[in-house]
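Q: Sequence:
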Amino acid sequence: MALSVTLVLLLATCLISFLAFSNERIIQDLIFHPPSVVNNKQWYRFFSSGLIHADFLHLAFNMYTFYMFGGMVENAFLQIFGSEGRIFYAIMYLTALPAALTASFQKHRNDYDYYCLGASGAVSAVVFAGIFLYPTLKMGIFPLPFYIPAFIFGPIYLIISAYLSKKSEGSINHSAHIWGALFGILFLIVTCFFFGYFNPLFHFWQEVLGYLQ
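Under the numbering used here, the first residue of the sequence shown carries the number 29, and numbering increases by one thereafter.
Honestly, the hints are just simulated from the structure, not real lab data.
These numbers come from a predicted model, not from an experiment.
A couple of the hints might just be wrong.
To be verified - In silico SDA-like cross-links for lysine to any residue, where the CA-CA straight-line distance does not exceed 20 Å:
(1) Lys166 to Gly99
(2) Lys69 to Asp57
(3) Lys166 to Gln56
(4) Lys166 to Phe89
(5) Lys195 to Thr130
(6) Lys195 to Tyr143
To be verified - If you anchor each label on the Cβ, the simulated ranges turn out as follows:
(7) Leu192 to Met96: 19 to 25 Å
(8) His231 to Ile119: 19 to 25 Å
(9) Phe75 to Ile169: 27 to 33 Å
(10) Asp57 to Ile180: 38 to 44 Å
(11) Phe174 to Gln107: 29 to 35 Å
(12) Ile188 to Tyr140: 28 to 34 Å
(13) Phe84 to Ser32: 22 to 28 Å
Just so you know, even glycine gets a beta-carbon here, dropped at the ideal spot from N, CA and C.
Just need the whole structure built from these sequences, with the hints factored in.
A: As structure tokens, this is what we get:
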């Protein structure tokens, strides 16, 4: 039985994050810092920053969300692409890390006070790939006591994230959430076009129409 890619990524992220909580050197070596990328060619930071988190709550929220959607999306990839599904799924997660940070990199490439960490961009890619695959799935945000279909939740989430990103308040990188989400959808569409028989756009449209009828 093949080991779940979701579980491997989750455990690796938790392990390194826990080590970093008590070791500032690990954080400094792995955190996303655009000037270090520009001046020292430390491109690995696009990936390594997804392995560390600010605190336990930050880690718990990202990994809980990843766990809830990861297995579902990974299984869908296996159904669509067969044995290569796990490979495509892993590639999506890993490439979503730099894709989600590209806009932040361009904006802060000379900002020595800017730092960013966390797997939120990659998790957003998984979540929105899941939304596209299962658009009628009921979703909500704790502690709100109600759920709405994923195809409605997704746009609302992106609009709120865009608003918060424009305000640039707080320490959350809302831009990474947006670009990660869009990357997840694009990756699914492009990969299916070249390597699979499945048409996610048509499937999404049919599922939404069926729900509304």
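Q: State for each hint whether it applies.
A: Hints versus structure:
no.: 1; hint: Lys166 to Gly99; result: holds, 17 Å
no.: 2; hint: Lys69 to Asp57; result: holds, 13 Å
no.: 3; hint: Lys166 to Gln56; result: violated, 39 Å
no.: 4; hint: Lys166 to Phe89; result: holds, 18 Å
no.: 5; hint: Lys195 to Thr130; result: holds, 19 Å
no.: 6; hint: Lys195 to Tyr143; result: holds, 18 Å
no.: 7; hint: Leu192 to Met96: 19 to 25 Å; result: holds, 22 Å
no.: 8; hint: His231 to Ile119: 19 to 25 Å; result: holds, 21 Å
no.: 9; hint: Phe75 to Ile169: 27 to 33 Å; result: holds, 28 Å
no.: 10; hint: Asp57 to Ile180: 38 to 44 Å; result: holds, 41 Å
no.: 11; hint: Phe174 to Gln107: 29 to 35 Å; result: holds, 30 Å
no.: 12; hint: Ile188 to Tyr140: 28 to 34 Å; result: holds, 30 Å
no.: 13; hint: Phe84 to Ser32: 22 to 28 Å; result: holds, 23 Å
When each numbered hint is compared with the structure, a violation occurs for hint 3 only.
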